[in-house]
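Chain A is already provided as a structure; the job is to place chain B on it using the hints.
Chain by chain, the residues:
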Amino acid sequence: MVKRIVTGAHYGLRDWLAQRITAVVMAIYILLLAVVLLVSAPHDHVAWKALFSEQWMRIASFLFFVSLCWHAWIGMRNILMDYVHATGTRLTLQVLVILSLLFYAVWSVDILWS
Amino acid sequence: MRFSIYRYDPDKDDKPYMQDYDIELEPSDRMLLDALIRIKSIDDSLSLRRSCREGVCGSDAMNINGRNGLACITPVAGLKEPVELRPLPGLPVIRDLIVDMTQFFKQYHSIKPYLINNDPPPETERLQSPEEKAELDGAYECILCACCTTACPSFWWNPDKFVGPAGLLQAYRFLADSRDQASAERLDNLEDPYRLFRCHSIMNCVDACPKGLNPTSAIGKIKDMMVKRTV
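Sequences listed follow chains A and B, in order.
Here this note's numbering is used: the first residue of the first sequence is 1, the next is one more, and so on.
Here this note's numbering is used: the first residue of the second sequence is 115, the next is one more, and so on.
The shape of chain A in the complex, shown without the other chains (with noise of 0.2 Å):
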């Protein structure tokens, strides 16, 4: 096979644009977890319990857990792609990441909707 660099992918501002994004989204929910926490100040299990199983308070967290994942889908893969240059490498660990993430992913699903 001919060894020349070929790049010029044509992408990469979506996954730009979606990592401030998700960034923007989390930050909101951090913030309005502190003010429910503040308020709400729930001081036992039951109360906790209570709290999440609001369904605008899931929404919430799933939103969050969402936005997390894709954040860190891009973050862990421009990671991969500044210091793993072996493409076979690169893609066994971008796939491994993807499954961990989907896994979180449904993982809090079960969590907040138990």
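For the record, the hints were derived by calculation from the structure and aren't laboratory data.
One should not assume that every hint holds.
[What the hints assert, rightly or not] No farther apart than 27 Å at their CA atoms in a straight line, the calculated lysine-lysine pairs in the DSS-like style are these:
#1 B:LYS226 x B:LYS335
#2 A:LYS3 x B:LYS226
#3 B:LYS342 x B:LYS275
#4 A:LYS3 x B:LYS220
#5 A:LYS3 x B:LYS275
From a predicted model like this one, the values you see are computed outputs, not experimental measurements.
What follows is chain B alone, placed relative to chain A:
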């Protein structure tokens, strides 16, 4: 004044080493380049590039006490001793302080650093208003010394794929030029996870630039242009 200088001659040395020099400077030796030329008068085997000796040609870029800069405009007075001089990091060393800049210029050429305008050449110059010219300020002054690009970790890890701050600053210089007609192609050429988006805005380039330019801001403006045409 004490100096510790990176020495490597691939014909003679197995590996690079640091050589110490202790020299008396004359009152006229004000800049680091003057000191280096004095060292060279004692030891003519020391190799370095220099030309204009006033910060215009960009030949004598090197790593000075851990920071990239031009020897000719770095005053010796403020330097911590021993002054540690190394070649620019991240590029192959040809000899002593001389590096092989092929990769750097390859990336520079990849952004088509010339005006693209398909209109028939006018009788006189293609004029710009003062406002249009102001858009180019901070972008056209680059002397391609490679201080910024070789201070950038993203370029160290992917020199074959990442354009680097110097190349991207030049890319913006033509994107911002009112006389250029190839903005869309230029943005297409840069919309790539490696070519542009290896930049993580750590601003080493801004810290290193001996001309006080801001490649990070130019890269931000390129991303802005991409967002505007997409969203």
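Structure-based check of all given hints:
no.: 1; hint: B:LYS226 x B:LYS335; result: holds (18 Å)
no.: 2; hint: A:LYS3 x B:LYS226; result: holds (23 Å)
no.: 3; hint: B:LYS342 x B:LYS275; result: holds (25 Å)
no.: 4; hint: A:LYS3 x B:LYS220; result: holds (16 Å)
no.: 5; hint: A:LYS3 x B:LYS275; result: holds (14 Å)
Comparing the model with each numbered hint stated earlier shows that all of them hold.
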